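K.L.:
Chain by chain, the residues:
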Amino acid sequence: MKVTVASGKGGTGKTTVSASLISVWPGPAVAVDLDVEEPNLHLFLHPEISGQRNAFMEIPKADESLCSRCGQCSDLCQFKAISLMGEVLMLFPEMCHGCGGCISICPEGALSADVRLLGDVSWGHSEKGDFIMGRLRIGEAMSPPLMRAVKARLEDRITASPADVIIDAPPGVSCPAVNAVMDSDMILLVTEPTPFGVYDMKLAHQAFAPMKKPMGVVVNRAGMGNSEIYDYCKAENLEILAEIPYDRRIAEDYANGCIIADTSEPMRQLFTGLAEKIRQKAGREVSR
Amino acid sequence: MDKIAVSCEEPSLNSRIDPRFGRAPGFLIVDPETMAFTFIDNGASQVMAQGAGIQAAENIARSGAKIVLTGYVGPKAFRGLSAAGIKIGQDLENMTVRQAIEKFKAGDVTLAEAPNRMSHGGMGQGGMKGPGRMGRGK
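Protein sequences, first through last, are from chains B and G. Note that the working numbering has the first sequence beginning at 1, numbered continuously upward. Note that the working numbering has the second sequence beginning at 1001, numbered continuously upward.
Since the hints were made in silico from the structure, they are not lab data. Values in this document were obtained by computation on a predicted structure and should not be read as measured data. Worth double-checking, as some hints may not be accurate.
[Claimed, not checked] Derived BS3-like pairs: lysine-lysine, alpha-carbon spacing no greater than 30 Å straight-line:
| hint | chain 1 | residue 1 | chain 2 | residue 2 |
| --- | --- | --- | --- | --- |
| 1 | B | 212 | B | 281 |
| 2 | B | 202 | B | 281 |
| 3 | B | 61 | G | 1087 |
| 4 | B | 61 | G | 1066 |
| 5 | B | 281 | B | 213 |
When you get a sec, could you build the whole thing from the sequences and use the hints?
P.N.:
Structure below.
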């Protein structure tokens, strides 16, 4: 079973919840950090990295001597990664989304495949189990292609030896967030009872609902803010699977790099209960 | 004399200059001797998530203009215009197209050596966080 820990708003506690779920999960589980723009799950799990490889995306390169200046590539490209500037063919590789359309359409065979470095995929093992993460190259704007490389590594790992998967997703509701949740069996939305938390969780719920996956909510910093999040979840029939109390001690432990489930018996019970509810909720629709 | 492209709000010599090169509604392509002009619609560039400046530069290159008068040009558009041999007069705003052409003809516009705007990657990325733009990336 794959569980993705997501949120609309950033900073609601995705990594806190992911690390704690990994810690209490019954049976083998692989921890995956798909927040490739700013991965941080490794700071809590302290994996020993055993392998790493670069991930690339295909972009065009041009042989100008073959180019007839027909402009078909330039007209096709919606991102202006290739452009016929008067009589000059120009490439803007950082704009390319890697669709390969220009290479396919070129009637002169003047375009061929080159690559752009997206970032790296690394993997290893912590005392909590196997770990995989992606790290986007500084300056790179597109994370979904790198996320696909991380997920390919994950598939190899769980094919070799079956395990459940806990994915720490990027925040938001745009392509990276959707890419993180799209092939999971259950989506956990971590939020907080503040106006920002409510507003962004509504967006995330609306963005992910069409995928018709089981969804549950974790309310972090419960006790602050107002009751709007509870009203929304009730109205939308979204089950709140756990509430993490608003407690200075938890913030201190997090800041010190602790896995919250490991800090006290009540916290351990809280996350053990959450893991059990997730397994029940996702298990109803998943047969492993 | 070479034709001049001016980023503008509407198809008239009395239109105000639109200082945004890539996102301008259009360009007036003006013959500075006769002041005869044609209008290039830049609406397709305006709605692009990214690459508006490159698309606009492509449109100018196709028009045959050899000089651009505008406000701000980003680095990719600057590269494109330069590659096509088009000279750029920037930092022009708060004036009409006609005034810009007159200023250029009087020799009061310095042609640029470098872009005057940092890359901002269009509308799809960056620090903006608002409705429909939550989180990061695209």
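K.L.:
Between residue 281(B) and residue 213(B), does the CA-CA distance stay at or below 30 Å?
P.N.:
Within the cut-off at roughly 10 Å; holds.
K.L.:
CA of residue 61(B) to CA of residue 1087(G), is that 30 Å or under?
P.N.:
27 Å, holds
K.L.:
Keeping to a limit of 30 Å between CA atoms, is the pair of residue 202(B) and residue 281(B) held or broken?
P.N.:
Answer holds: residue 202(B) to residue 281(B) is near 21 Å, not above 30 Å.
K.L.:
Check the hint pairing residue 61(B) with residue 1066(G) against an upper bound of 30 Å on the C-alpha distance.
P.N.:
28 Å, holds
K.L.:
Taken at face value, is the distance from the CA of residue 281(B) to the CA of residue 212(B) at most 30 Å?
P.N.:
13 Å, holds
Taken one by one, the earlier hints all hold for this structure without exception.
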